[in-house]
Amino acid sequence: MFFFLMIVLATSMPLQKFSSHVGKNFPCKFRMKQDIKAGTFRHMESSHETSTSNEDCNEQCLLQTGCVAWVRRRSDGLCWMTNQTGRIEFEAEYDRDSSLVCPNGCVVKHGQDIKAGTFNGMPISGHVHSTSNEDCNEQCFYQTGCTAWVRQPSTGLCWMSDQAGTVKFEPAADRDSGLVCCVVKHGYDTLAGSHVHTASTGVPSTSNANCNKLCTQQTGCVAWVRQPSTGLCWMSKQTGTVEFEPEADRDSGLVCRS
218 MFFFLMIVLA
228 TSMPLQKFSS
238 HVGKNFPCKF
248 RMKQDIKAGT
258 FRHMESSHET
268 STSNEDCNEQ
278 CLLQTGCVAW
288 VRRRSDGLCW
298 MTNQTGRIEF
308 EAEYDRDSSL
318 VCPNGCVVKH
328 GQDIKAGTFN
338 GMPISGHVHS
348 TSNEDCNEQC
358 FYQTGCTAWV
368 RQPSTGLCWM
378 SDQAGTVKFE
388 PAADRDSGLV
398 CCVVKHGYDT
408 LAGSHVHTAS
418 TGVPSTSNAN
428 CNKLCTQQTG
438 CVAWVRQPST
448 GLCWMSKQTG
458 TVEFEPEADR
468 DSGLVCRS
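With our numbering, you'll find the sequence shown wraps up at 475, consecutive numbering, no jumps.
Take the hints with a grain of salt, since some may be wrong.
Stated by the list, open to error - No farther apart than 20 angstroms at their CA atoms in a straight line, the calculated lysine-lysine pairs in the PhoX-like style are these:
id: 1; residue 1: 430; residue 2: 454
id: 2; residue 1: 430; residue 2: 402
id: 3; residue 1: 454; residue 2: 402
id: 4; residue 1: 254; residue 2: 332
Since the hints were made in silico from the structure, they are not lab data.
Construct the entire structure; sequences and hints are all you get.
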């Protein structure tokens, strides 16, 4: 009898309203059948676009500077994006899914190029070879001012752009592209003897992202190192080119403010 009652209780519980979509670093929680609270949504210029899925709507939000949340209409795929400020509240709505923007790792636009006429090539652009999309992004990350990249899979050529404003993309054969995104060097430390500690360093952190965030809050911090086994986070204010070397039980990176 007790076992039967447990089954009844379990099957009568309300369904979870979130849907988890695992990305590179952490799961995104989409709010199924929910909208952003009426009267608080602030439409962006490129809002009201068509999307093929919640993931696609979230990706469009990621690529829009200032976008903090999105809403998608299930029946026709329309995607609205908002740059509202303050706490975002949600409410039940049958034909809507929504979420805060989820930085679900690096977004790669496969089979797409930056829109013709908008690309602003950097001096090094097109003269470097890359082994993968991740490598092309990393080369962009380490070029001061680089905001986006394009790679030709057939040759590995990597082009980098320092264009400003919203970066738009269009379909193109033999091209992959993306906005520059943060680079974490797993299994690396800053070069021995080059690290210059900031005022607050060697502090606990919950993740690489958290260690990077702590670095952004330290005046002059340019790079961070984290020990995964303990969570300790060291921050550096060294000058010049930051170099890295392999090291067990260490992750590191240049400070990333994007």
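Taking the hints in turn, this is what the structure says about them:
1. Of the supplied pair hints, the one linking residue 430 and residue 454 holds, its CA atoms being roughly 15 angstroms apart against a limit of 20 angstroms.
2. Between residue 430 and residue 402, the direct Cα distance comes to roughly 16 angstroms. Compliance with the 20 angstroms bound is thereby established for this hinted pair.
3. Taking the CA atoms of residue 454 and residue 402, the gap is about 18 angstroms. The hint holds against a cut of 20 angstroms.
4. Between residue 254 and residue 332 the CA atoms are separated by roughly 34 angstroms; this puts the pair beyond 20 angstroms, and the hint is violated.
Against the hints set out earlier in the document, a violation occurs for number 4 only.
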